[in-house]
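J.: Protein chains in written order, with the working numbering: chain A, 250 to 335; chain B, 48 to 551; chain C, 494 to 997.
Please note that the accuracy of each hint is not assured.
What the hints assert, rightly or not - In silico BS3-like pairs for lysine-lysine, Cα to Cα no more than 25 Å straight-line: (1) C:Lys737 x C:Lys675; (2) C:Lys866 x C:Lys907; (3) C:Lys976 x C:Lys907; (4) B:Lys468 x A:Lys277; (5) B:Lys312 x B:Lys337; (6) A:Lys277 x B:Lys317.
Stated by the list, open to error - Some chain C residues well away from chain A (every beta-carbon gap over 10 Å; in silico): (7) Ala639; (8) Thr922; (9) Arg994.
Unchecked claim - Rough simulated footprint, nothing fancy, chain B against chain A, three-plus residues with beta-carbon under 8 Å: (10) 268-280; (11) 283-296; (12) 299-313; (13) 319-329.
Hints listed in this document are in silico derivations from the structure and should not be mistaken for laboratory results. This one's a predicted model, so the numbers in the text were calculated from it and none came from an experiment. From the three backbone atoms N, C-alpha and C, an ideal C-beta is built for every residue, glycine too.
One letter stands for each residue in the lines below.
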Amino acid sequence: MLARIQLSDDEVTQLTGQLDAIVDNIAKVSEVATPDVAATSHPIAMHNVFREDVVGQTLTTAQALQNAPDADGDRFRVTAILGEEQ
Amino acid sequence: MSEIIRWTAAELGAKLAAGEVSSVEATQAHLDRIAAVDGDVHAFLHVNEHALDAAAEIDRRRAAGEQLGELAGVPLAIKDVLVTTDQPSTSGSRILEGYRSPFDATVVARSRAAGLVGIGKTNMDEFAMGSSTEHSAYGPTHNPWDLDRIPGGSGGGSAAAVAAFEAPLALGSDTGGSIRQPAHVTGTVGIKPTYGGVSRYGAIALASSLDQVGPVSRTVLDAGLLHDVIGGHDPKDSTSLPEAWPSFAAAAREGATGQVLQGLKVGVIKELPDSGFQSGVASSFHAALKLMEAQGAEIVEISAPHFEYGVAAYYLILPAEASSNLAKFDSVRFGLRVTPDGGGTVEDVMSLTREVGFGPEVKRRIILGTYALSAGYYDAYYGSAQKVRTLIQQDFDAAFAQVDVIATPSAPTTAFKLGEKIGDPLQMYLNDLTTIPANLAGVPGISIPSGLAEEDGLPVGIQFLAPAREDARLYRVGAALETLLVDAWGGPLLDRAPILGGNR
Amino acid sequence: MAAVKLIDFDKALELFEPVLGFEVHVELNTETKMFSDAPNPANERNHDAEPNTLIAPVDLGLPGSLPVVNEKAVRSSISLGLALGCSIAESCRFARKNYFYPDLGKNYQISQYDEPIAFEGSVEVQLEDGTLVTIPIERAHMEEDAGKLTHMGGATGRIQGAEYSLVDYNRAGVPLVEIVTKPIFGAEHRAPEIAKAYVAAIRDIVRGLGISEARLERGNLRCDANVSLRPRGQEKLGTRTETKNVNSMRSVERAVRYEIQRQAAILADGGSITQETRHWHEDTGTTSPGRPKSDADDYRYFPEPDLLPVQPPRELVEELRAALPEQPVARRRRLKADWGFGDIEFQGVVNAGLLDEVEATIAAGTTADAARKWWTGEISRIANEREVDAASLIAPASVAALQQLVDAGTLTDKLARQVLEGVIAGEGTPQQVVDARGLAVVSDDGALIAAIDEALAAQPDVLAKIKDGKVQAAGAVIGAVMKAMKGQADAARVRELILERAAQ
Ligand SMILES: [Mg+2]
Ligand SMILES: [Zn+2]
Chain A
250 MLARIQLSDD EVTQLTGQLD AIVDNIAKVS EVATPDVAAT SHPIAMHNVF REDVVGQTLT
310 TAQALQNAPD ADGDRFRVTA ILGEEQ
Chain B
48 MSEIIRWTAA ELGAKLAAGE VSSVEATQAH LDRIAAVDGD VHAFLHVNEH ALDAAAEIDR
108 RRAAGEQLGE LAGVPLAIKD VLVTTDQPST SGSRILEGYR SPFDATVVAR SRAAGLVGIG
168 KTNMDEFAMG SSTEHSAYGP THNPWDLDRI PGGSGGGSAA AVAAFEAPLA LGSDTGGSIR
228 QPAHVTGTVG IKPTYGGVSR YGAIALASSL DQVGPVSRTV LDAGLLHDVI GGHDPKDSTS
288 LPEAWPSFAA AAREGATGQV LQGLKVGVIK ELPDSGFQSG VASSFHAALK LMEAQGAEIV
348 EISAPHFEYG VAAYYLILPA EASSNLAKFD SVRFGLRVTP DGGGTVEDVM SLTREVGFGP
408 EVKRRIILGT YALSAGYYDA YYGSAQKVRT LIQQDFDAAF AQVDVIATPS APTTAFKLGE
468 KIGDPLQMYL NDLTTIPANL AGVPGISIPS GLAEEDGLPV GIQFLAPARE DARLYRVGAA
528 LETLLVDAWG GPLLDRAPIL GGNR
Chain C
494 MAAVKLIDFD KALELFEPVL GFEVHVELNT ETKMFSDAPN PANERNHDAE PNTLIAPVDL
554 GLPGSLPVVN EKAVRSSISL GLALGCSIAE SCRFARKNYF YPDLGKNYQI SQYDEPIAFE
614 GSVEVQLEDG TLVTIPIERA HMEEDAGKLT HMGGATGRIQ GAEYSLVDYN RAGVPLVEIV
674 TKPIFGAEHR APEIAKAYVA AIRDIVRGLG ISEARLERGN LRCDANVSLR PRGQEKLGTR
734 TETKNVNSMR SVERAVRYEI QRQAAILADG GSITQETRHW HEDTGTTSPG RPKSDADDYR
794 YFPEPDLLPV QPPRELVEEL RAALPEQPVA RRRRLKADWG FGDIEFQGVV NAGLLDEVEA
854 TIAAGTTADA ARKWWTGEIS RIANEREVDA ASLIAPASVA ALQQLVDAGT LTDKLARQVL
914 EGVIAGEGTP QQVVDARGLA VVSDDGALIA AIDEALAAQP DVLAKIKDGK VQAAGAVIGA
974 VMKAMKGQAD AARVRELILE RAAQ
């Protein structure tokens, strides 16, 4: 599942219906989104916004880990990445 | 009820400066108000246990002779979408329950530096997805005008807090109308600044190219004062505009003199006919325009042929960006973790955590967004929607060549009943019809109260839109109309709201 | 695991034409990360930092955090693009590559997709026999690295069979340039050698630019090798595999050879190649399948809304072009002439990757021959024995100082080798080792004469033989004297003294 959300059957049924809304939106948008129109990915045009290569304040390890659901020493801990059959 | 809580932020600030009241007294008065009414309103997800300490500190600095800003010592409610170091930040989601940020949002840090006293975190639709605050994982907020009705959304908590006199000021965020539509239904003022005018650093992202943080208040001047504090360039947000801004409070004060309406050209959009609005909304809108006309404003019909494509484009762009922005909630570094019975892989844990931790509206939009970005669909979906942004910008450019500001009703209807539209997301989405184009184009918008709808007695807002970077124009025009209306009403609209607390 | 069938390499080449492609990731050595101001672990001074100490909010994908582009990383990327003979984009942008993995703080990687900063170039690489081959470059783009996973609880430390994994996000956000070649045709039986030479060429280029530490063993340079085969005479390309993270030059060579042999065996049997990523195993010299191409490869790219386009000013591009160091191939041509080396001697230095070291040693005051002999001789021998880089053992200045002691007669070649070991063992400068170990040549004739007298007394017939003209008989006495002097004597001087003695 691309979105990493386990869904119940009910939710899947509901969502399948709502995908139509996306299809309707695309149909609507396609009426005017012709090839000659440029896309706007950013509402106010700017470019070359940079930061100087200078070290700033870092988080402490304690701050980095303070919200971790699980940690082991100074690292975050997650369960096995591969299942047994893999 | 203490009179302190009825004062505007500007009034309270002046009395604090004059020593007529202390910040501790003012903060306590608002905490008392929260204790009295928030059981009914539920504007707050968290009340700041450090608020009185912060207030005492401001009093101490003032007593020490320090020169403080106009809002120093004034309580501030903070939408829970903004991260704070001294209070939890959940964005209205179960997945972030108890989350503690190691850094403050820039707007929070600037408010703190200006001496504002963070009084609590306000309720919102989960991750700002919604127009009614019913999608909060922590239960809905109730409209102070009628507790059975929605306070708007996603920033219903901030608007309701201000409308219920639980705070004179609040911070909000507006991705498709989340500041302006709640203002409309609660009889308050809300501004979505020009995209890039206020830093997004520390605002938990919904749709990065649409999100903008802004002030929520009871008067245009108060909004301007807060905007002056939070706005301006922030190197931590690459999309932050580098230029210096004029004082918005000064613009509001100038506007209040009424001169600005003389010769002002106000555009009314031909493609938004009255038939699209509740009759009381349309008539309040036209009455406000009449009032402006009487002061020398010229009402000009303009055409914005692509606004009608805004909602469709918005509901392609928003889910796409949101699906990516919300991928970080995976139970690894922060937030909820739910492990399946008997264990499972990281993937299983992530999937179950997100199933349990996200509400239905969030899941809906993530799935739709994932689909809209999937291989082969990008150009058709996201890419086409971005073309609509270009067309809407062109509509704005053409319109602003003819007029100084555009006016619309802020939303199609007054506050609807809690639960009325929750089962029909598409109906809910139409609520943002008039507010969405500003987010798509990046231009600023303000909603101020225009009156009450005759059929239900509920507040109605009027929205003004200005060209990008012309936020000050909105403060001038908004304050001018506000002055006329308050005169006509014989006092602020919120004076007519039902008295809360006590006998419920 | 079923035994993998391989076909003889020459046989494979008879049947099929190999087509190569490479993706090399270069970690830039900027002070800070690509999108945050946290210290960069790919910079020499931070490489041994403790886990999760080089962290800014955006490196963990903390709610509310935002990326800001490192200007130095952009400049380094442009320089690298230019050194690869690429065109530099007038305008390019960042994109989000969305996929879930626990080492990815945001669950998307900020990369470049349809608009890379550099495109269409070529690199000249030199094979061991000096042949030049041109490798066509498709693009070079900027992106960020992911964190580091350590797999625990399994027997092997590999992901397979691990019970859990630990995540260190120090590396998350390290600036990367990914260099992608076009398909490389005509490599034929030199394919493995070309692979190795290409990686060496990239290493030399980035070293020359000073933009990366370029240590393969630390992962500063990581190569993914694509190999496909097509039957002789066929136009259409075969199905390719991508062997990931081959992290030494020798391994790149071996991995390409292995894949050619493996794929040829399958195809010769009438089978077909699965398009997949494969992992290189250094210990067994084999590759094994990684995850097959699946929905996980639908990265749902879209333009990064938190960042703005990069439009390298033409003046900057020209400034960086003018500052490019000499191209490695041209430099070699020059050094070979300067040093007066023959083909074999020079390639020996080049193939050992010791060009920089030899050059620096000469600059510190030795002859070219002496520098070459030390580096390709004794130092390389020790490095091989210990399986480390020769360059990591000793500084060029120390080698030069050592040679100067030999030139001054303070050390014999044999003594100098002992001093070298002392320096490598960390006992100090060559002079300090000489002093501490008392290794200097005994130049006091008196001590030598005493030893000679003793030796002659022990072998009385020798003196007579020498007087008879049998000068070679002196050898036996020289050996005895050297032994008595514990090697700290100049054998030539000892011989002179013996002959003087015989002449008396
Ligand atoms: Mg790649
Ligand atoms: Zn890459």
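J.: Taking the hints in turn, state whether each one holds.
T.: Now for the hints, and whether the structure bears them out:
| no. | hint | verdict |
| --- | --- | --- |
| 1 | C:Lys737 x C:Lys675 | 17 Å, holds |
| 2 | C:Lys866 x C:Lys907 | 14 Å, holds |
| 3 | C:Lys976 x C:Lys907 | 13 Å, holds |
| 4 | B:Lys468 x A:Lys277 | 23 Å, holds |
| 5 | B:Lys312 x B:Lys337 | 13 Å, holds |
| 6 | A:Lys277 x B:Lys317 | 20 Å, holds |
| 7 | Ala639 | 13 Å, holds |
| 8 | Thr922 | 33 Å, holds |
| 9 | Arg994 | 70 Å, holds |
| 10 | 268-280 | holds (count 10) |
| 11 | 283-296 | holds (count 10) |
| 12 | 299-313 | holds (count 4) |
| 13 | 319-329 | holds (count 5) |
Checked against the numbered hints above, the structure breaks none of them.
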